[in-house]
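Here is how the chains run, residue by residue.
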Amino acid sequence: MDRSFVLSRIESLSEKIQRTQPSEVDVLARIHTDVSDLAAWAKSEAHPQAADVMDCIAAAIEKIILADTPDPVVTLQAITQGIVAFQTFVRDGSIELGECDAIKTLLADADAERIDGAGASQTIEADIGLIRDFVSEAREHLHNSDIHLLTIETSPHDIDALNAIFRAFHTIKGVAGFLALGEVQALAHESENLLDLARKGELVLTGGYVDLTFDAIDMMKRLIDNVERAINTNEPVGSEDGLADMVQRLKETVEGRLIPEAESIPKVDVSDGRVGEILLEQGLVRRSKIEAVLQAQSTRTPSKLGELLVKHVVISRRQLNEALEIQRAEGGARKLGEILVSNGVATWEDINRAIDSQEKTSPEPIGAMLVREGEVAPRDVVLALRAQQMHASASEVREAVKVDAERLDRLVDLIGELVIAESILRQSEAMSAVFSPQHASQIDQLGRITRELQELGTSLSMVPIRATFQKMSRLVRDLGKKTGKHVQLSTEGEETELDKSVVDQISDPLMHMVRNAIDHGLEASSADRIAVGKPAVGRVTLRASHKGSSIHIDIEDDGRGLDRNAILAKARERGLVQEGRAFSDSEIFSLIFQPGFSTAQQVTDISGRGVGLDVVRRNIELLRGKMEIRSEPGQGSTFSIRLPLTHAVIDGMLIRAGSERYIVPTLSILRSLKPGLECISTVAGRGEMLTFQEDQLPLIRLHELFAIEDAARDPQDAIVLLLENEGRRFGLLIDELIGQQQIVIRSLGDALKGTEGIAGAAILPDGTVGLVLDVSGIMKIGVDPGPGSDTRVRRSAA
Amino acid sequence: MIREVHETEQNNDGEIVAADLAGQYLTFLLDREIYGIDILKVQEIVGLLPVTKVPRTPAHVHGVINLRGNVVPVIQLRAKFGMQSQEDTRKTCIVVVQVAGASKGIAIGIIVDEVSEVLSIANDQLAPAPEFGSSVDAVFILGIGKVGDRDIVLLDIDRVLSWGDLTMTRQAATA
Numbered sequence: 000m001d002r003s004f005v006l007s008r009i010e011s012l013s014e015k016i017q018r019t020q021p022s023e024v025d026v027l028a029r030i031h032t033d034v035s036d037l038a039a040w041a042k043s044e045a046h047p048q049a050a051d052v053m054d055c056i057a058a059a060i061e062k063i064i065l066a067d068t069p070d071p072v073v074t075l076q077a078i079t080q081g082i083v084a085f086q087t088f089v090r091d092g093s094i095e096l097g098e099c100d101a102i103k104t105l106l107a108d109a110d111a112e113r114i115d116g117a118g119a120s121q122t123i124e125a126d127i128g129l130i131r132d133f134v135s136e137a138r139e140h141l142h143n144s145d146i147h148l149l150t151i152e153t154s155p156h157d158i159d160a161l162n163a164i165f166r167a168f169h170t171i172k173g174v175a176g177f178l179a180l181g182e183v184q185a186l187a188h189e190s191e192n193l194l195d196l197a198r199k200g201e202l203v204l205t206g207g208y209v210d211l212t213f214d215a216i217d218m219m220k221r222l223i224d225n226v227e228r229a230i231n232t233n234e235p236v237g238s239e240d241g242l243a244d245m246v247q248r249l250k251e252t253v254e255g256r257l258i259p260e261a262e263s264i265p266k267v268d269v270s271d272g273r274v275g276e277i278l279l280e281q282g283l284v285r286r287s288k289i290e291a292v293l294q295a296q297s298t299r300t301p302s303k304l305g306e307l308l309v310k311h312v313v314i315s316r317r318q319l320n321e322a323l324e325i326q327r328a329e330g331g332a333r334k335l336g337e338i339l340v341s342n343g344v345a346t347w348e349d350i351n352r353a354i355d356s357q358e359k360t361s362p363e364p365i366g367a368m369l370v371r372e373g374e375v376a377p378r379d380v381v382l383a384l385r386a387q388q389m390h391a392s393a394s395e396v397r398e399a400v401k402v403d404a405e406r407l408d409r410l411v412d413l414i415g416e417l418v419i420a421e422s423i424l425r426q427s428e429a430m431s432a433v434f435s436p437q438h439a440s441q442i443d444q445l446g447r448i449t450r451e452l453q454e455l456g457t458s459l460s461m462v463p464i465r466a467t468f469q470k471m472s473r474l475v476r477d478l479g480k481k482t483g484k485h486v487q488l489s490t491e492g493e494e495t496e497l498d499k500s501v502v503d504q505i506s507d508p509l510m511h512m513v514r515n516a517i518d519h520g521l522e523a524s525s526a527d528r529i530a531v532g533k534p535a536v537g538r539v540t541l542r543a544s545h546k547g548s549s550i551h552i553d554i555e556d557d558g559r560g561l562d563r564n565a566i567l568a569k570a571r572e573r574g575l576v577q578e579g580r581a582f583s584d585s586e587i588f589s590l591i592f593q594p595g596f597s598t599a600q601q602v603t604d605i606s607g608r609g610v611g612l613d614v615v616r617r618n619i620e621l622l623r624g625k626m627e628i629r630s631e632p633g634q635g636s637t638f639s640i641r642l643p644l645t646h647a648v649i650d651g652m653l654i655r656a657g658s659e660r661y662i663v664p665t666l667s668i669l670r671s672l673k674p675g676l677e678c679i680s681t682v683a684g685r686g687e688m689l690t691f692q693e694d695q696l697p698l699i700r701l702h703e704l705f706a707i708e709d710a711a712r713d714p715q716d717a718i719v720l721l722l723e724n725e726g727r728r729f730g731l732l733i734d735e736l737i738g739q740q741q742i743v744i745r746s747l748g749d750a751l752k753g754t755e756g757i758a759g760a761a762i763l764p765d766g767t768v769g770l771v772l773d774v775s776g777i778m779k780i781g782v783d784p785g786p787g788s789d790t791r792v793r794r795s796a797a
Numbered sequence: 000m001i002r003e004v005h006e007t008e009q010n011n012d013g014e015i016v017a018a019d020l021a022g023q024y025l026t027f028l029l030d031r032e033i034y035g036i037d038i039l040k041v042q043e044i045v046g047l048l049p050v051t052k053v054p055r056t057p058a059h060v061h062g063v064i065n066l067r068g069n070v071v072p073v074i075q076l077r078a079k080f081g082m083q084s085q086e087d088t089r090k091t092c093i094v095v096v097q098v099a100g101a102s103k104g105i106a107i108g109i110i111v112d113e114v115s116e117v118l119s120i121a122n123d124q125l126a127p128a129p130e131f132g133s134s135v136d137a138v139f140i141l142g143i144g145k146v147g148d149r150d151i152v153l154l155d156i157d158r159v160l161s162w163g164d165l166t167m168t169r170q171a172a173t174a
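Chains A and B supply the protein sequences, listed in that same order.
Sequential numbering from 0 applies to the first sequence in numbering that gives the first Met the number 0.
Sequential numbering from 0 applies to the second sequence in numbering that gives the first Met the number 0.
Only true hints are included.
Interface residues of chain A toward chain B, partial, derived using beta-carbon atoms under 10 Å:
| id | residue |
| --- | --- |
| 1 | Leu704 |
| 2 | Arg745 |
| 3 | Gly748 |
| 4 | Glu755 |
Hints are computed from structural coordinates only; laboratory data are not their basis.
Idealized CB from N, CA, C, for every residue including glycine.
Using the sequences plus the hints, can you model the full thing?
See below:
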């Protein structure tokens, strides 16, 4: 084994072990193999100490597997520490003898506890003074965390507050590890994991997550109390009821198996819905106290730099005191920030951040001040804040007016007509004949108002995609249970708005794809994931965003990725592809949208019944949208949906063929090109073909299809649009590209509805009607002539 | 006044006669003959607007127009009735009529040579549709109105513009 391989192996091992529970015997067994291999490697590299540590770890794992250890959780922690130390060793090339011994002792201690018969309790051996410092420091951190959590309740994305809480737990974990306070360390570790997810934006700290964090802080406070009691009485640290449960809850939440419930919100009946009023109404605080706090709020002085740094857990109070001491000794020659930086406890970045926030701090909210004064429990403030929000949203509803949907549609239609009328007016020749500057500014004014009306009209029927995404998170939870896979769903861009009718129609396809991602995308089990060095918990991400005049929705999983070869083999078996030519990834991936195409090895309860992605794609295309797939083997897949912003407005390319003009939906156009004669050939039985980048694509002449007499016949005078539909590409021969524009698409009317090759109509800026080409219809009549939809099958069989 | 224009009945001789056709008709000229459409079917009369051709439709489907933001199909009545086409004149115009659709009324424009007037036709001025000798297929005719020395062909416009007819070539082409 070479070093880089060992390093990658130990890294995945280290990650694996941190997520493993003592009950997961099969995982432990695999870890045991890894550890033994690594021990052998360390021996062969002549690192007896490191090999020794790994041997001890291997022995300890065996004990957990055989249930021969008093507290497997403690043993597992010791093992984890050992593996982390080994990881450092592999990376840096050296291991300290002391550390080896420490780990061996840790492992031995974990094992020895049964002999003591002391259960999970621990005795304190470390320096009493250090522990006293730790207790007071931890209390300060926890107290500050309470207040930061209040900030997060109102603004869940406040990264400063998140970082501060994270650092608080991180610091506690570090010191507790040093002082061998196992319980404190275990709790801090899991809390830190949860906060880290929030920090990385992988979960949003709201509702139940905030409550869970409060629970963790409260539990931690009790543990710290126990530690203090133990040093005062010189007795072993008492164990705390519910700790194991708490750690378990945190762990499951981090792994995405548990979604914590938010506490029920108190019913309040107050007129102005202010936090203070709500707390008063619940009898949690006295009015005199609130008034005193409000008074303090108005006469508040800005916080000092040092205090701010301590509050955000950048430095500890001890470090602050040391720095202040130095400053005093030097007679104030240097600024506090300089001293802190030169002491290496803070960076300039930290200092500048703190100075920034010092300058712009707004008065602390009343809730936070009451908590700081110890008047109310932070949790009560959070509940009051939630009640306030309910109150606010309840009063918002009262201001809304219910409008008949039909009237709304009519309004939106009329606005559409106004937009058209305005653009006709603007472009009319009669207008330019009577042009004057005054006139122009009036026309501009009309244009602005029209544009605003159009935006307003569009927004009337827009709703955020949040509710749909929330539906998916329930689905993921249920599916996770059903399949036994551990899945975590994260969502981004929930506030992205799209047309109400689109939201209704996107829900089913999305659900289908999420199902697909979990059932087919993710590995069959956590063990399979661990085996390839991925986190045990599978991740599915839903992402929505606006780009230009379209909406992008991505469904991403970190599973196996699409299997090119399996898809191709299946397609060959079904005769869907021509033999003997190379395919691009996107061509292969788009094959999975073919009806009845499933590479699932077996039909499961959830998906794989043959009603598949073809339905999804049809639904998306009905919304005039488009789908794309990106996939890396072993890394996962991303299904991207692109949809026009609203049902009615699409981006179109105005084209000309002879004297006729048409509109082609821009989403269908891959590119345009000027064909050389050598690119066009006639293949017997298949009509005209266009050679494009080594591919033979069907070529359709629009003028032939639509019997346009005055169009260019010579391809050299023409332009070919490369179009894509249902994953198949073809060329469309036209005369000229006129330009791109947004159009309001409307039906051709009952009388002409169903005209082949035409999707609808739009009013062009010159007031005439333009026809919107139906790309799939054109392909059907141009490439697959003949009745029925089974043409393709027959052709490929022939 | 409510009239049932569609209602026709057969008499003992198997002749189709109009049940109750008396009423007001918009009359127009087509190839030097006078035709009438029940005035209640007429939505409006507009001059010739720029027409966008719709491909893969029967020859009599002239195209679509923008009628104040609405897309309305336009029919060449001459072509529909198999008459010679003629150059548009100053008098050529589009009569927009409301015909019965699948669920609601559909607006369709018909191109006529010239609109003349609105005539009231009483019961005693009506004659049954001739079986022969008319330039228009008898199934499209409700009856003949005789006003003074003029014969007015009263059209069953719902039948003339029966909406399935407009995209008929599609079925014909693929059958």
